[in-house]
Structures are given as structure tokens and as C-alpha cells.
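> Just so you know, the protein sequences line up as chains A and B, in that order. The first sequence begins at 1 in my numbering and counts up one residue at a time. The second sequence begins at 1 in my numbering and counts up one residue at a time.
It is worth saying that the hints were derived from the structure and are not from the lab. Here the structure is a predicted model, which is why all the values come from computation and not from measurement. It is possible that part of the hints are untrue.
Said to hold, decoys possible - Each computed SDA-like pair below joins lysine to any residue, with the alpha-carbon atoms no more than 25 Å apart:
# : chain 1 : residue 1 : chain 2 : residue 2
1 : B       : Lys55     : B       : Gly207
2 : A       : Lys71     : B       : Pro176
3 : B       : Lys170    : A       : Leu151
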Amino acid sequence: MIEFSNITLGFGNKIIFDDFNYSIESGKKILLNSPSGTGKSTLFGLMLGFLKPEKGQVIVDNLVLNAGTIKEIRNKYGYLSQDIEFGEGKVLYIIREIFNYAQNRGVQLNLNLLNNLMDYFEIESSLLENSARSLSGGEKQRLMIIILLLLNKDIYLLDEPTSALDESLKSKVKEYFLGMQKTVFVISHDKLWEKDKRVTILNWQGKVGNIYGQ
Amino acid sequence: MDSKDLGFLSLLLVIVLLTIPLMFNYLLKLNIGKKIIISVSRMCVQLFLVGIFLKYIFEFNSLWLNLAWLMFMIVISTISVINTSRLKKKIFFVPILLSVAIPVLTILFYFNKFVVRLDNIFEAKYLIAIGGMLLGNLLNGNIIGANNFINNIRKAERKYFADLMLGATKFEALLPNIRESVLASINPTLASIATVGLVSLPGMMTGQILGGASPDAAVKYQLAIMIAIFVTRILSIYFVLIMIIKIGFDDFDILKKECFLEK
């Protein structure tokens, strides 16, 4: 469960959230598709603890987001950013490096699942031996999605997860995430997300803090 | 000591050579005429003052005066690193001062005690000359390394966030940047270690040979000082980066913009 409680935040003269209250039950699929500049990324920033609200709290699974809980809360998220950058080196090496990060020591890299997911998302297994530099935008997007799925997070935050993909892959990504038990937030202007009955569209107007749930 | 002293005319004749860069300045419109004149004037004033000052320092050779002069050099280096890296002075003065002072003092005293085997490790000639060489080099390294680090943090902020979210600690997420910055800082020294003697006769060696020392002794000093410089440089840039990482990020591991000056 994720709760936004009395969140107020603005930049300069522009108020993005004004006493914003909303709560999301576990397992819900939330779509953010309001026009740009309305604060979708800001909402992600607040949840991830990259931005601090002027007032109010973000509460994740009954943990109030603060310095003491930030690590635990961040560890629940699988976050796909809009421009994905892999470091230098072979793709498989980079994946292994990620699994060696302190927080992930408890997670084994499941090579079977990796292969299955690569199959599903139509990535050739030889790509693991390629240099990360040679990856296309669409490959980066799908690979990062696969890595996040392998890390088996509780809450997925996806910022434009289908922007670089063709129609059939877009729909595969959508189906995978909407079919999961996990909580999923998606920022996307791709129509196929909003057409799906399983998603709840979250919209807000900064000044009055109105919420439209569909 | 049988090197020839330079007279007034000699200095005048070397200054005449500056017409060449000034000519290029005019020819290529480099727009650095004023800068050349100011820099050279500053150098003249600073060096003459230091000359007078050092004469007395060497004559008195008093422990506290020597240490005070060394401290003065350390403070100037610190301020220079802070200013060129656009760090906020109020926040970073003490941390950077420590990052400069600790490596320099440690290596300098080790050098004087165990390498040169001085009876008095505070002997002005060694303390100030060797200390100055270490400081000058470390200053260079810290400026290159710290600048590189801070520019990279800003450029790669999204990648840093993404790595944090993938489970990296702050240190793990910054490690590629730390690596690159340490290398940027020490690579010039490593390159000059590899080519010394073949390409360049470094200032210290030249000075000693002109001062009448045998090339043999000059070579040994040069070898020792280059290793000392290399070690000081890597120690200091590492301390500087650790300080920036410790102080420049908040308890959410987010860069504290208020610690840095805008470009």
C-alpha cells in the first residue's frame, strides 16, 4: 500500500501538488498519462525519495519515507527511468555487476528466468555477449525491464516503458506488467495502456488537489 | 654552488622573449594579452617576495617559522582547489584542508626521516622545498580530479539515480566516477614517471645540477621525489573525493546542490 498524505510541492511559482492525498492498494495498476509538465515524474521523484515534499508524507507499506527507511523503501522498487544508461562492458558483465550491489546480495541471478524473459521480450541470447554500447534504445528498454523483473521487486515504477518499442512488443510489455500480482505505476502516453480495463488512471490538478479515479 | 647568478640584464632579456607569445596573441586573436601581463607580473612579485622571505627562513631555520610557512602553503593550495572546483568555501574549507595536509605531512615527514635521513626533519631547506614540490603537484592532481568528479556527477545524475534504484549504495553508484576521477588525477604523474629522463629533465634535477650537485645524486633525488609525489597525489585525491561524497550528499543520497557553486 502506498499513501500520499497531505503532499504539497511546487517549483518556483508553479504548484504541482497542493495538499495531495491519495492511497493505492497493493497490486493496483496505476497509469499516469496527463500532459507533460503536470508532475508525473515529480510523483515518481517523491516516491523514490529523489524529491522531498514541502509538506506531507509518502508512506509505503506502513513505512513513512524518511532517512531511516529510505533504503528499505527503495529496495521495494523496480524503477525504469526514461533514458536508460548501461555502463561500459559486456551486457552479461553489467547484469552480474548489478546483482553484486550490496542490496542485491540476497538475490541470485536466475539464468533460466533470464533466458525465458529474453525469449518473451524477443531479445537474442547472443546479445548478452555484446558490448552495452551497441544496444539500441528498444533493447536497452527491454533489457532493463528484464533486469528489474529478475530483481523481483514489490512495486514497479515505469517511466515511458514502451516508448522505443514496436506495437507487438508494446503489448507484450503491457501484458506482462498488468498480469503481475505486483503494484505497477506507469507513465505513458501510449494509448494501449489507457485502453486496458485493468489500469486506474491517476490525474490531479495541482491547485485544488483533485483526484480523478476511473 | 657554482651556478651563475642572473643579473638584471639577464632577466630583462628573458622578459623580452615574452614578445613571442604576445605576437601570437595578436596574430591569432587569443585575447590573452592582459592575462599574460598580469600572470607574469604576479609571478615576478610573488617570486621576489618569496626569495626575500626564504632567505630569512633559511637563515633562522626555526621550527615554528618553517611549519608556519608550510601551513601557509597548504592553506593556499586548499583555497585554490576549492575555488577551481566550485565548492562552497564555508562548507569545504576544513575537509579539503585535511585532505591536503594529511597526505603531504605524512609523506613529507616519512621522506625527510627515512629517505633523506635528516637529523632534523623540520630543516627549512627540505621541509619547504620538498613540501612545496609535493603541494604543487597535488594541487594539480586535486584540481583535475575534483573537477572531473563534480562535472560527472552533474552530467550522470540520472544514471546515478538509476544505479541507486538498482540496489547500489551511494559509494557503489559513484564508483565508476571515482575511478575515472582518480585516474584523471594520477595519470599525468604516471606518464611523467614513465618518460622522465628520456623526454624531460624535471625541475628538481635541473636545479640540483645547476646548483652543482653530481648528476648521480640528482637522479636519486629525482627518483625519490617522483614516487613521493605519486603517492601523495593518489592519497590526496582519494581523501578529497571521500570528503565531497560524505558532505555533498544528503541522507537520501541526493546531491546537495547548496554545497556547490553554480557554473
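> The structure should be examined with respect to each hint, and the outcome stated for every one.
Here is how each hint holds up against the structure:
no. : hint                : verdict
1   : B/Lys55 / B/Gly207  : holds, 17 Å
2   : A/Lys71 / B/Pro176  : holds, 21 Å
3   : B/Lys170 / A/Leu151 : holds, 19 Å
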